[in-house]
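Protein chains: 4
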Amino acid sequence: MGAEHQTKTKIKEAALRLFVEQGVSETTVRDLANAIGMAEGTLYRHYATKEELTRELSQENYAAFADRIRNTAGTQESLRGKLRAIAKDACRLFDTEPTLYRFLLLIQHETLPRLPKGSANPLAAVRSVIAEGIKQGEAKITDPQLGAAMVLGLLIQPALALVHGSLSGPLSRYADDIASACERVIIR
Amino acid sequence: MGAEHQTKTKIKEAALRLFVEQGVSETTVRDLANAIGMAEGTLYRHYATKEELTRELSQENYAAFADRIRNTAGTQESLRGKLRAIAKDACRLFDTEPTLYRFLLLIQHETLPRLPKGSANPLAAVRSVIAEGIKQGEAKITDPQLGAAMVLGLLIQPALALVHGSLSGPLSRYADDIASACERVIIR
Amino acid sequence: MGAEHQTKTKIKEAALRLFVEQGVSETTVRDLANAIGMAEGTLYRHYATKEELTRELSQENYAAFADRIRNTAGTQESLRGKLRAIAKDACRLFDTEPTLYRFLLLIQHETLPRLPKGSANPLAAVRSVIAEGIKQGEAKITDPQLGAAMVLGLLIQPALALVHGSLSGPLSRYADDIASACERVIIR
Amino acid sequence: MGAEHQTKTKIKEAALRLFVEQGVSETTVRDLANAIGMAEGTLYRHYATKEELTRELSQENYAAFADRIRNTAGTQESLRGKLRAIAKDACRLFDTEPTLYRFLLLIQHETLPRLPKGSANPLAAVRSVIAEGIKQGEAKITDPQLGAAMVLGLLIQPALALVHGSLSGPLSRYADDIASACERVIIR
DNA sequence: TATGAATGAGCCTTCATTCAT
DNA sequence: CATGAATGAAGGCTCATTCAT
Numbered sequence: 004m005g006a007e008h009q010t011k012t013k014i015k016e017a018a019l020r021l022f023v024e025q026g027v028s029e030t031t032v033r034d035l036a037n038a039i040g041m042a043e044g045t046l047y048r049h050y051a052t053k054e055e056l057t058r059e060l061s062q063e064n065y066a067a068f069a070d071r072i073r074n075t076a077g078t079q080e081s082l083r084g085k086l087r088a089i090a091k092d093a094c095r096l097f098d099t100e101p102t103l104y105r106f107l108l109l110i111q112h113e114t115l116p117r118l119p120k121g122s123a124n125p126l127a128a129v130r131s132v133i134a135e136g137i138k139q140g141e142a143k144i145t146d147p148q149l150g151a152a153m154v155l156g157l158l159i160q161p162a163l164a165l166v167h168g169s170l171s172g173p174l175s176r177y178a179d180d181i182a183s184a185c186e187r188v189i190i191r
Numbered sequence: 004m005g006a007e008h009q010t011k012t013k014i015k016e017a018a019l020r021l022f023v024e025q026g027v028s029e030t031t032v033r034d035l036a037n038a039i040g041m042a043e044g045t046l047y048r049h050y051a052t053k054e055e056l057t058r059e060l061s062q063e064n065y066a067a068f069a070d071r072i073r074n075t076a077g078t079q080e081s082l083r084g085k086l087r088a089i090a091k092d093a094c095r096l097f098d099t100e101p102t103l104y105r106f107l108l109l110i111q112h113e114t115l116p117r118l119p120k121g122s123a124n125p126l127a128a129v130r131s132v133i134a135e136g137i138k139q140g141e142a143k144i145t146d147p148q149l150g151a152a153m154v155l156g157l158l159i160q161p162a163l164a165l166v167h168g169s170l171s172g173p174l175s176r177y178a179d180d181i182a183s184a185c186e187r188v189i190i191r
Numbered sequence: 004m005g006a007e008h009q010t011k012t013k014i015k016e017a018a019l020r021l022f023v024e025q026g027v028s029e030t031t032v033r034d035l036a037n038a039i040g041m042a043e044g045t046l047y048r049h050y051a052t053k054e055e056l057t058r059e060l061s062q063e064n065y066a067a068f069a070d071r072i073r074n075t076a077g078t079q080e081s082l083r084g085k086l087r088a089i090a091k092d093a094c095r096l097f098d099t100e101p102t103l104y105r106f107l108l109l110i111q112h113e114t115l116p117r118l119p120k121g122s123a124n125p126l127a128a129v130r131s132v133i134a135e136g137i138k139q140g141e142a143k144i145t146d147p148q149l150g151a152a153m154v155l156g157l158l159i160q161p162a163l164a165l166v167h168g169s170l171s172g173p174l175s176r177y178a179d180d181i182a183s184a185c186e187r188v189i190i191r
Numbered sequence: 004m005g006a007e008h009q010t011k012t013k014i015k016e017a018a019l020r021l022f023v024e025q026g027v028s029e030t031t032v033r034d035l036a037n038a039i040g041m042a043e044g045t046l047y048r049h050y051a052t053k054e055e056l057t058r059e060l061s062q063e064n065y066a067a068f069a070d071r072i073r074n075t076a077g078t079q080e081s082l083r084g085k086l087r088a089i090a091k092d093a094c095r096l097f098d099t100e101p102t103l104y105r106f107l108l109l110i111q112h113e114t115l116p117r118l119p120k121g122s123a124n125p126l127a128a129v130r131s132v133i134a135e136g137i138k139q140g141e142a143k144i145t146d147p148q149l150g151a152a153m154v155l156g157l158l159i160q161p162a163l164a165l166v167h168g169s170l171s172g173p174l175s176r177y178a179d180d181i182a183s184a185c186e187r188v189i190i191r
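Residue numbers (our numbering), protein chains in the order written: chain Z, 4 to 191; chain D, 4 to 191; chain Y, 4 to 191; chain R, 4 to 191.
Just so you know, the hints here were simulated from the structure itself, not pulled from any lab data.
No experiment lies behind these values; they were computed from the predicted model shown.
A few of these clues could be false.
For identical chains, the list gives no copy identity; a pair is met inside one copy or between any two copies.
[Stated by the list, open to error] In silico lysine-lysine, BS3-like type, Cα no more than 30 Å apart, as pairs: (1) Lys-138 / Lys-15; (2) Lys-138 / Lys-120; (3) Lys-91 / Lys-143; (4) Lys-91 / Lys-53; (5) Lys-15 / Lys-91.
Turn these sequences into a full structure, and let the hints steer you where they fit.
Written out as structure tokens, the structure is:
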């Protein structure tokens, strides 16, 4: 028990890293096999196709991040508190696991379009947080979907600027500013 | 006269569309040729490699969009006015030329890392608008780079949500909300 | 065990034959694959490029032929004996393995310029035989390099004439005449 | 009048040089056009195909060289004199027009196989000189074709050694040695 | 006649996937 | 289960040749 699980984990770790470093299309099955120290053919014992690996990787990480967002929000009472907590936690995540973060937020269009419509995803998580706040009368905006998109934009683009080198230092350095921006955009 | 120019234009239009629809790596030179109704080899009389076409396409469009941002900002006096104008113009652009917009903003990391460091780009254009506003004491934030990233985030993610179908209607429908968000994030 | 060796050998045999029959540039990777009964892609597991295959083929055969010349010379005491033995052995080789011989001697400039400067080659082998003879006072000529070139000329051009059909029959039919010619050109 | 002739001459000069420098297959029609300063399509007004240009180039130069050999031989009475004269003239030609010489003698197998069987060629020219000498009882060898091949070998391989850099200086430096070698191989 | 853009078959190479060991 | 050689369909690119101007 767990051997299969471990192997899949190893594969997914390598895939995550290589997909982020080189892009999904640009990462070959051989690249993956080499990185793991495993034969090419062996990969196919765990995933039917490269496509399936990609999908599973996306789905799982999106779901996990959505959970993380929900949990983070759960630690706070007010919408304002929830948003600030989410923003700060996202910054922390970027600094702690930049590869995962980049995969989650920056690779979106390479993987998102292939995900089943209803899968758990960060945008939906943020939206439901905001929707709840709207119901409670805490928000100034009225469209939770738009609000969620904007919040995500505030979290993604500074991270991208860091990746490209136009911003420097840990993202946490900007956590307060970003949190405040989220607050101002959403909160009444 | 201009035949060469026209052909290149036709190639770039097709490339823009296919790159956005399918991704850069996923678009083959044959796809391009077929879309234009041109032999594969002919493409190579105009661009030495697919890579060169991609680069030229990115550079030109990034530069043009940066110009557009600067011009839009130039129509207004205050930072607040400039930001609102930029936001609204971006929404208009998305609705008018969705393909171009998607190329500009969504293809970023497939394309941006390959651009020469100093090339004209939207982020830099927004940054200099904000930097000027900071000097004039109009901004609440202090880091123009961070501010520019956040503004871009507010413009990009709603657009992305539209593309993914989680938001509907023309982006202009949200133009006011987005403009206000930009204002609240940046302005004193 | 040896499977890899066998496959490479099969590839090299086919390459040798096709390169001689059609020329190196004129032989496509598909030609090679078809001749071997192997997929094109498979070739690339054994040789990184067609260029690498060509180089290895040349180097190995040149080195082997140089060895053969040295060994043949080693069976004789006198320079005269060595030269006659080399000439006769070369004729035998042409009759026995015409493809190899043609590759060695006729493909020279398609192939030689790409070889590393110091690689073992027939010209050097003959030169050192002659150089030794000069030291022993057995030669009439004084420049071993020139002597070696002339001896090679006496071995190559009759072979070429046979290939072109202007001379007929096995080259061995002319072995004595060629051996005598070598002798007269070099020996005191 | 002569305009056509001049153009063809310019084309042939460029072709000769490029074919020798890069090989026939490796020289593209565009290479040729660029070297001449002429459009690609224009070449086809003078030669129906690259193949035809190659053939004409070979035929003419082979014929001219065969003539030159016959003329050189004609200046001498004895077979010995003829051979020495031919050898020395060949060395002179190599030093004066190395490109032409390389084309004539070193590119043989790239072009010879395509020539019509009976075309004038150096080997035939030398053969008839030797055949005449045999009839006159001046030769020690009995097969004029073999003799001609060997003489050509003595002229070609030293030239090749020079080209490859294993021999240095003008070929004329070795003219006497080569002439003597020819004499010893052929003359009674 | 000259031009050079256009053609399209074909070249070398890559890569996701299969399969015998 | 693991392996890695084998497969073959593309992919990017080249090039002899054609043709509208």
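Going through the hints against the structure:
1. Proximity of Lys-138 to Lys-15 under the C-alpha cut-off of 30 Å is found in neither arrangement, the shortest distances being 39 Å within a copy and 48 Å between copies.
2. Proximity of Lys-138 and Lys-120 under a CA criterion of 30 Å is satisfied intra-copy only: 25 Å inside one chain copy versus 46 Å between copies.
3. Both within a single protomer and between protomers do Lys-91 and Lys-143 lie at most 30 Å apart by alpha-carbon distance, with minima of 21 Å and 20 Å respectively.
4. For a Cα distance limit of 30 Å, the shortest separation of Lys-91 from Lys-53 qualifies neither inside one copy, at 34 Å, nor across copies, at 41 Å.
5. For the homomeric pair Lys-15 and Lys-91, the shortest alpha-carbon distance inside one copy (26 Å) is at most 30 Å, but the shortest distance between copies (41 Å) is not.
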